[in-house]
Amino acid sequence: MMQSLDYATLRETVYTQKLSNGLQVMVVRRPEYSKQFAFFAARYGGMDLRFREEDGGGWVETPAGIAHFLEHKMFDTEDGAALKTWASNGAVDNAFTAADITGYYFEGTRGFEDNLRALLNLVSVPYFTRENVAKEQGIIAQEIRMCQDDPEDTAYYQLLESLYAHHPIRTRIVGSEESIGALTPELLHQCHRAFYRPGNMVLCAAGNVDPERVAQLAEEILPTGFSSPATVDLGQPEPPGAVRNYAGRKMAVAMPVFDLGFKGTAAPAGACLRQELVAGLACDVLCGPSSAWYNRMYESGVINGSFDCFYDAAPGCAHIAAGGESREPERVREELLAEARRLVREGVDPALWERLKRAAYGSMVRRLNSLESTCIDLAQCYFDGDDYLRFPQLFQSIEPEDVVQLMGAWITPERSALSVIEPADKENG
Amino acid sequence: MEQIHKKLAAGVELAMTRTEQFKTGLLSVTLAAPLRADTATAYALAPDVLYRGSRNYPDIQRLSAAADQLYGAALGPTVRQRGESQCVGFLCSLMDDRYALDGMALLEPAARLVSEVLLDPATSGGIFREDYVRGEGENLADEIEARINDKRSWSIFRLTQEMCAGEAYALDKLGSAAQARELDARTLWSAYQQLCRQARVIFYYGGSARPERVEEMVRSCFQPLLEGRDMVLSCQVVDEPAHPVRYVTDRLDVTQGKLAMGFRTGGIVLGHELYPALLVCNALFGGTAHSKLFEHVREQLSLCYFVSSMLDTLKGLMAVSSGVEFADFGRAEEAILEQLEEIRRGQFTREELHAAVQAVVNSLTSRKDSQGQMEDDCVTQLIARGTVTDWRQTVSGVERVTARDIIQVARMLELDTVYRLTGKDGQ
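Chains R and D are the protein sequences, given in the same order.
Under the working numbering, the first residue of the first sequence is numbered 1, with each subsequent residue one higher.
Under the working numbering, the first residue of the second sequence is numbered 1, with each subsequent residue one higher.
No wet-lab data here; the hints were simulated from the structure.
Here are the simulated BS3-like pairs of lysine-lysine, each with C-alpha atoms no more than 27 Å apart in a straight line:
id, chain 1, residue 1, chain 2, residue 2
1, D, K173, D, K151
2, R, K250, D, K424
3, R, K135, R, K84
4, R, K135, D, K151
5, D, K424, D, K151
6, D, K151, R, K250
Take the sequences, apply the hints, and build the full model.
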């Protein structure tokens, strides 16, 4: 039976159903939109490298980059029917692989049911051959090289490698040319079987769509009879401190690019969204554009408009990262640490606090304009055991003490790591 | 959805899209002037300096606090290039009144905030604050110099610079780094006063507020910009390509090459009778993930990690952008041109044509689901044509495009310049 949940403050209704095959379906009706959007995601990403299937066998170690490779490979179907359907309806399809989630989606303005059938078929029916795997290895090798040329991507992974001792979040989602060279059709099949089962997936749709039909089609098309999903091993718990406090390298950039990270503690399932809101407010209080710190640093030229501070988390890991371009990245760290000490000592100004909460609420309401963000956020929160559209109530429950406590625990020298990309010497550039 | 376009004075317009579809409203003010080497830097810098603070909110902290108070009104400076016009101003996305937890009306205070930033800046001695000008000048120079960090967009930027050398189009919409570092408060102040007096002014609002309320808001908040002005914006459309084709190579410390190819559309621009066919031809050639370039050059030949084509429909340009191995520059270029040849020869199926038409229809229709894209379309059309064409009209034009139209357009597309970004040790 499909249930409907009302979120009065946000004027939204979400239709949900757990299908008999284990799939969670969530639909947000927005009849006034021309577009229909559907997002089909597996709880499986770049960091899920070591796992064991429930139905027998021991631990399986897979090469870095396999989830992303699998995502690419799913688009190679035997008859190419899905791509033809989308093409003929003018729909736009795409997919992404994050550390803990792989998502496939399309958006279109006509032929929704056919488009949805195509999506469900494409993701649930694997077609891997020696030839198509070998060919993909060439394509992905180029993507890997492109990521290696990207200073921001490189800075961020250099940060993750500095923050974490062994958590697989530190592995590049795309893998390396060497690691993807080791992939075989058999390994891909095994990962598909382990993770792309309806009980490990969610289907979110939004726009001018009929919730009942979404559930019916998913029930009809997707396979049944799977037992519970695979168990993933993310390794030993992380030590609280950063592995090293500094890492640097040179690339073709005009100005140093940096990422400054503070290692946190992962939230338990069901408390991820709250921690995300608390940590986001901590970023705003500490160094958001309406903080005294930001104003001072900007005016003295230590940071510029590229500066940004955000919270990032996945199962077993959580951190705050602040980054951008700066000629004095080390000073950014010292100043941020000092500001956090001050805030922990003096507390948060009550007027600032009220404004920041309003602003954070407003920007989350704004995100709901996008069908894509809405579906992806719903899916991510579902996997985390959270109810995304409860954010207005969660905001109400957050006090300045929550933020101060988080800052006191996380924004410390031992938990910090600074990753810098320095400009390479200009010769003939 | 209701689209309204109104002239408030000579050269001053208000465009509105009334809809309750979104959880936010979008307000923008655009000042448009010809892109010129002697004014581009100052005009690009002015919004950044204005954004540092107004008289009442004289620094970033207080200005951000004012925006935060309005449920995080997202206010920010914009600098856009549309053809050979430079459009600067502010965009403000504000939460719709319906979602305010305390029932507060947000449109008027947000408009007042935009107006203060634009028209009542923080000053010292009657002109901009020197420290703000110096600081933002430095930031703008850094931003211009940082373009090189993103190699894909850098390669397209370098392509158009080379291809349109001597045309205003080749200028950087942000101006030059050297000028940005040199501008002082007095020079910038007088440049900005001139911009406010002379520029075409476009106000835009999309959201649930009634048109009368919006017009009233604009008239009361932006009075100094409502005086008539006579500003002509034009764009030089070059319909003849370079002979022979220009080849340009840059060397940088990169592991992957970028190939960018620039074509002239033979004079087809927004408003031209073949404009819908140009949109479809681009989709068929390289504008979508089902296009010929994607299917053949990337998927079948594996010559590029990415390859796509894009249009500037005001200037009459098409650019192909791709990421290739250094060793494959020649083969990739040949394969890309071969796909265009096939279209010229009519070698595309009925299904391919249908898919291209549907892709363009879908993308035009989808733009109505994004406030930002609607604003951008509206401002772009007003700059280029002085009117807003109903999107449904464009859609029906696209649906009527025939294979013959596509062949005609493909034959008008002529290669002008080929740009290669290669490694330091590349061949």
